[in-house]
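Novice: Protein sequence lines, in the order shown, are assigned to chains A and D.
Under the working numbering, the first sequence is numbered contiguously, ending at residue 468.
Under the working numbering, the second sequence is numbered contiguously, ending at residue 897.
Hints in this document: simulated from the structure, not taken from any laboratory.
Just to be clear, a hint being listed does not mean it is correct.
[What the hints assert, rightly or not] Some residues of chain A that are not near chain D, with every Cβ distance over 10 Å (derived):
hint: 1; residue: Pro76
hint: 2; residue: Thr91
hint: 3; residue: Asp135
hint: 4; residue: Glu171
hint: 5; residue: Leu175
hint: 6; residue: Val343
hint: 7; residue: Gly441
[Claimed, not checked] Some but not every residue of chain A turned toward chain D, in silico, with C-beta under 10 Å:
hint: 8; residue: Ala177
hint: 9; residue: His340
hint: 10; residue: Asp345
hint: 11; residue: Thr347
hint: 12; residue: Ile349
hint: 13; residue: Pro366
hint: 14; residue: Glu367
hint: 15; residue: Arg370
hint: 16; residue: Gly373
hint: 17; residue: Arg404
hint: 18; residue: Asn407
hint: 19; residue: His408
hint: 20; residue: Met433
hint: 21; residue: Gly434
hint: 22; residue: Arg436
hint: 23; residue: Glu438
[As the list claims (entries may be wrong)] Simulated DEER-style distance windows between Cβ atoms:
hint: 24; chain 1: D; residue 1: Glu668; chain 2: A; residue 2: Tyr445; range: 54 to 60 Å
hint: 25; chain 1: D; residue 1: Lys610; chain 2: A; residue 2: Ile98; range: 35 to 41 Å
hint: 26; chain 1: D; residue 1: Ala522; chain 2: A; residue 2: Asp406; range: 21 to 27 Å
hint: 27; chain 1: D; residue 1: Gly651; chain 2: A; residue 2: Asp406; range: 51 to 57 Å
hint: 28; chain 1: D; residue 1: Arg846; chain 2: A; residue 2: Pro216; range: 54 to 60 Å
hint: 29; chain 1: D; residue 1: Gly651; chain 2: A; residue 2: Glu301; range: 46 to 52 Å
hint: 30; chain 1: A; residue 1: Ile466; chain 2: D; residue 2: Glu668; range: 55 to 61 Å
hint: 31; chain 1: D; residue 1: Ala616; chain 2: A; residue 2: Pro216; range: 55 to 61 Å
hint: 32; chain 1: D; residue 1: Gly651; chain 2: A; residue 2: Thr134; range: 21 to 27 Å
Think of the CB as a built atom: it goes at the ideal place given N, C-alpha and C, for glycine as much as any other residue.
Read off the chains here:
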Amino acid sequence: MADIAAKVLVVGGGPGGYVCAIRAGQLGLDVVLVEQGGPNGGLGGTCLNVGCIPSKAVIHAADAYHQAVTQATSAPFGIRVERPTIDFGLTIEWKNGIVGRLTSGVGALLKRHRVKILHGRAEMVDGKTCRVETDTGPQVVKAEHVVLAAGSEAAVLPTLPFGGKVISSTEALALSAIPGRLAVIGAGYIGLELGTAFAKLGAKVTVIEAEERILPAYDVELVRPVAKRLEALGVEILTRARAVGLSSEEGAMLVEQEGAARRSIPADRILVATGRRARLTGFGLERLDLSMNGGFVQIDERCATSMRNVWAIGDLTGEPMLAHRAMAQGIVVAEVIAGHRRVFDGTVIPAVCFTDPEVVTVGLSPEEARHAGREVHVTTFPFQANGRALTLGAGDGFVRITARTDNHLVLGIAAVGAGVAELAGAFSLALEMGARLEDIGGTIYAHPTLGEAFHEASLRALGEAIHI
Amino acid sequence: MGVRVIKLPDVGEGVAEAELVEWHVEVGQSVLEDQLLAAVMTDKATVEIPSPVAGTVVALGGEVGGVLAVGAELVRLEVAGEGDQEVAAAPREAAKAEPVAAAPMPSPAPVQTPAPKHVEPNVPSPPVARPSLGPPRPPSEKPIASPAVRRRAREAGVDLRQVRGSGPAGRISHDDLDAFLRGGPQTATARARVANTQVETVKVIGLRRRIAQAMAESKRRIAHFSYVEEVDVTTLEELRSALNAQNRQDRPRLTLMPFLMQALVRAIADFPEMNAHYDDEAETIERYGGVHIGIATQTPSGLMVPVVRHCEAHGLWDFASELSRLAEAAREGRATRAELTGSTITITSLGALGGIVSTPVINRPQVAIIGVNKEVVRPVWQGGQFVPRTMMNLSSSFDHRVIDGYVAARFIQRIKGLLEAPATLFIEE
Numbered sequence: 001m002a003d004i005a006a007k008v009l010v011v012g013g014g015p016g017g018y019v020c021a022i023r024a025g026q027l028g029l030d031v032v033l034v035e036q037g038g039p040n041g042g043l044g045g046t047c048l049n050v051g052c053i054p055s056k057a058v059i060h061a062a063d064a065y066h067q068a069v070t071q072a073t074s075a076p077f078g079i080r081v082e083r084p085t086i087d088f089g090l091t092i093e094w095k096n097g098i099v100g101r102l103t104s105g106v107g108a109l110l111k112r113h114r115v116k117i118l119h120g121r122a123e124m125v126d127g128k129t130c131r132v133e134t135d136t137g138p139q140v141v142k143a144e145h146v147v148l149a150a151g152s153e154a155a156v157l158p159t160l161p162f163g164g165k166v167i168s169s170t171e172a173l174a175l176s177a178i179p180g181r182l183a184v185i186g187a188g189y190i191g192l193e194l195g196t197a198f199a200k201l202g203a204k205v206t207v208i209e210a211e212e213r214i215l216p217a218y219d220v221e222l223v224r225p226v227a228k229r230l231e232a233l234g235v236e237i238l239t240r241a242r243a244v245g246l247s248s249e250e251g252a253m254l255v256e257q258e259g260a261a262r263r264s265i266p267a268d269r270i271l272v273a274t275g276r277r278a279r280l281t282g283f284g285l286e287r288l289d290l291s292m293n294g295g296f297v298q299i300d301e302r303c304a305t306s307m308r309n310v311w312a313i314g315d316l317t318g319e320p321m322l323a324h325r326a327m328a329q330g331i332v333v334a335e336v337i338a339g340h341r342r343v344f345d346g347t348v349i350p351a352v353c354f355t356d357p358e359v360v361t362v363g364l365s366p367e368e369a370r371h372a373g374r375e376v377h378v379t380t381f382p383f384q385a386n387g388r389a390l391t392l393g394a395g396d397g398f399v400r401i402t403a404r405t406d407n408h409l410v411l412g413i414a415a416v417g418a419g420v421a422e423l424a425g426a427f428s429l430a431l432e433m434g435a436r437l438e439d440i441g442g443t444i445y446a447h448p449t450l451g452e453a454f455h456e457a458s459l460r461a462l463g464e465a466i467h468i
Numbered sequence: 469m470g471v472r473v474i475k476l477p478d479v480g481e482g483v484a485e486a487e488l489v490e491w492h493v494e495v496g497q498s499v500l501e502d503q504l505l506a507a508v509m510t511d512k513a514t515v516e517i518p519s520p521v522a523g524t525v526v527a528l529g530g531e532v533g534g535v536l537a538v539g540a541e542l543v544r545l546e547v548a549g550e551g552d553q554e555v556a557a558a559p560r561e562a563a564k565a566e567p568v569a570a571a572p573m574p575s576p577a578p579v580q581t582p583a584p585k586h587v588e589p590n591v592p593s594p595p596v597a598r599p600s601l602g603p604p605r606p607p608s609e610k611p612i613a614s615p616a617v618r619r620r621a622r623e624a625g626v627d628l629r630q631v632r633g634s635g636p637a638g639r640i641s642h643d644d645l646d647a648f649l650r651g652g653p654q655t656a657t658a659r660a661r662v663a664n665t666q667v668e669t670v671k672v673i674g675l676r677r678r679i680a681q682a683m684a685e686s687k688r689r690i691a692h693f694s695y696v697e698e699v700d701v702t703t704l705e706e707l708r709s710a711l712n713a714q715n716r717q718d719r720p721r722l723t724l725m726p727f728l729m730q731a732l733v734r735a736i737a738d739f740p741e742m743n744a745h746y747d748d749e750a751e752t753i754e755r756y757g758g759v760h761i762g763i764a765t766q767t768p769s770g771l772m773v774p775v776v777r778h779c780e781a782h783g784l785w786d787f788a789s790e791l792s793r794l795a796e797a798a799r800e801g802r803a804t805r806a807e808l809t810g811s812t813i814t815i816t817s818l819g820a821l822g823g824i825v826s827t828p829v830i831n832r833p834q835v836a837i838i839g840v841n842k843e844v845v846r847p848v849w850q851g852g853q854f855v856p857r858t859m860m861n862l863s864s865s866f867d868h869r870v871i872d873g874y875v876a877a878r879f880i881q882r883i884k885g886l887l888e889a890p891a892t893l894f895i896e897e
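The task is simple: from the sequences and hints, build the whole structure.
Specialist: Structure representation (structure tokens):
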């Protein structure tokens with residue numbers, strides 16, 4: 001096949017890569033995107049195929065089922081149902097439908113912006129040349145600019161290599177049946193989101209965490225409602241514990257816990273969710289010999305790597321490994337290549353845990369702010385005092401604002417509670433706009449909504465809260 | 469209300485004129501008795517002129533850089549009561565500049581008191597569109613601006629750290645950025661890298677003018693030649709450290725300078741032609757018995773050369789204390805005329821900035837200047853091996869019209885010998 005010449009080559013069709021390709025196409029650049037493929041063609045990457053989207057679908061289905069189950073034994077809102085059942089195969093089918101719809105939507109958007117999509121494994125030959133193993137044979141692409149967006153993969157636990165009943169989040173979201181006993185290694189957001197969902201679906205879930213508490217990246221105050229809920233759902237949490245390996249007895253694994261004897265945990269499936277690693281091999285990255293930053297490709301504020309006109313975005317470039325970070329980087333790179341002056345200069349990258357209840361953090365935690373030498377005022381407003389939260393039967397949690405004492409500039413906003421993920425946008429906007437407590441306090445929030453808790457937390461910081 | 473003329477007083481023996489180097493007042497300003505009016509420079513000393521009376525400045529006698537004769541008009545003041553009849557008929561324009569402060573004075577109305585709205589000449593009304601600026605941001609602080617402002621700034625090549633925000637908590641608004649882009653009150657950006665076509669004219673006045681004239685005159689008249697020799701100061705440094713280690717409260721700490729001065733005194737005894745003034749117009753050389761060593765000193769306003777007098781009659785500790793006293797006086801502008809004139813030979817040292825070689829300019833009408841370069845430990849071939857020695861170069865210049873190269877070389881060799889065997893500095897012969 002004749003070589004393809006392009007202005008921009010994007011390696012990887014995940015949220016970073018496809019957004020970069022679309023934006024570059026909008027800017028009139030000639031773009032080729034290489035995607036190695038997957039069950040749905042692979043466009044949308046981990047996020048769309050085996051990450052954010054499918055997990056949220058399963059979490060939603062699990063919530064609905066669990067709600068029904070609760071209503072079979074008690075009637076919280078006066079609703080009583082007979083014993084509900086779940087056809088998990090249909091649940092997965094429904095989830096796959098959503099994924100399929102979204103991935104084909106991505107494909108259509110790419111086409112609309114005249115992005116040429118090559119399906120196949122990419123192999124970088126040098127900083128401008130890529131060989132793609134397509135179904136119809138090898139295809140060489142020569143491009144002025146290369147955007148590396150290869151993403152990440154689940155970290156492998158040496159004591160529990162993937163295979164058989166040891167699964168990653170990818171397989172957990174494609175199970176044909178709900179496991180009776182599920183062991184989850186790692187109490188980070190992935191492990192807890194899926195662990196909670198399967199617990200609601202009826203699995204007996206045990207979570208094994210090496211640190212001393214769950215969600216170790218979040219502060220204790222924020223995690224407390226999540227821990228409480230896990231306990232109510234009957235999820236067993238083993239902290240300061242390590243998975244040693246599979247047990248010799250059928251359907252069990254061995255766990256070592258600090259200060260306790262080695263014990264056997266019964267498990268039909270073992271979900272290893274100990275984190276993700278940048279995908280650094282399998283596409284010829286080593287040939288480019290780029291400067292690295294630990295286990296990630298080193299980039300500057302424009303997402304430029306150490307090689308001229310080679311750019312890198314997304315999980316390949318480090319933490320936080322979040323789709324929205326990759327998307328924002330993809331836009332920056334496309335615009336830089338198109339000749340605009342751009343840098344990745346977001347003040348904050350919001351993070352959301354779709355646990356029960358949900359956790360949102362934007363900006364600095366009180367501890368981080370103090371560590372940065374700031375004198376801060378930290379205020380919370382509980383959802384117990386928010387009308388809308390009570391009508392949703394979700395009074396747990398709170399909104400917390402961290403603001404500078406001297407000029408009331410808001411440095412960080414966090415919330416834990418049912419549905420608070422939807423507040424992330426308001427939080428981020430406040431921080432990006434450089435809001436002070438008075439700005440939030442002076443905004444009218446619709447009643448009755450959860451957002452009023454955000455308003456009240458600001459007012460409370462100013463000593464003007466009404467509903468507490 | 470009358471007008472009083474303040475004249476340039478007699479500022480020093482034999483001084484007929486002085487250069488205005490600084491005005492402390494401006495037209496329209498009210499002054500109190502003894503408040504400083506101006507600084508004038510004579511020969512090498514700067515003299516501050518206080519006001520003998522209270523009043524309001526209506527005219528200044530000249531511009532900075534100008535030369536005034538003693539007795540010439542320095543400042544014209546409007547004073548309460550009767551003034552000098554000759555100048556009482558002040559021009560109206562000058563009188564109009566009178567500020568509010570003058571208004572409460574009893575005024576029999578020889579001049580009209582203007583309405584207060586004409587004053588405050590230094591407070592221009594701000595342009596309507598420009599928002600008032602917030603306080604400057606501490607350097608470590610990140611500028612606060614919305615994403616749209618950040619993008620506009622980036623596209624315009626503006627580093628927002630350079631822009632002050634008028635919003636709450638110092639937030640930078642679109643208006644702040646507009647004001648900055650219009651060439652607002654802040655400095656140009658560091659990132660923009662635009663060609664700078666500005667030319668700043670700096671008047672060469674005061675001490676700088678004197679230095680310039682003296683340097684040019686020296687280079688024009690004197691046939692300079694420079695001679696550089698290295699000196700092993702290892703032993704001298706040991707002695708100096710030992711003396712300083714005694715930490716005696718009654719003695720100043722020693723630098724290398726007092727030792728060099730001592731060496732100069734001893735060497736000059738053998739080479740009296742070095743301690744001389746050459747009057748090239750009269751074609752005479754005056755050899756001095758007293759060794760008055762000028763020490764070139766950097767001060768905030770420029771190079772000054774305070775003088776340690778009669779070094780032949782003093783010792784090491786005297787040199788040290790006199791040096792620090794003079795250097796401080798020169799830097800603070802307190803050095804008197806006597807302390808700044810009359811040297812017969814000069815030492816110039818840039819200390820740690822001394823470099824390896826310099827070509828000092830002779831302080832006319834002297835005939836020699838000794839330059840001190842940086843001390844540095846170097847490998848020196850000694851006794852069949854390299855040994856680390858503390859070495860220092862002396863870069864000296866001589867007036868070749870009256871000093872022959874051979875004599876100059878022997879003079880420096882004598883100094884070198886004294887410094888390398890420091891005991892000989894103090895042995896009476």
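Novice: Output the indices of the hints that this structure fails to meet, ascending.
Specialist: 6, 8, 12, 13, 14, 15, 26, 27, 29, 31, 32
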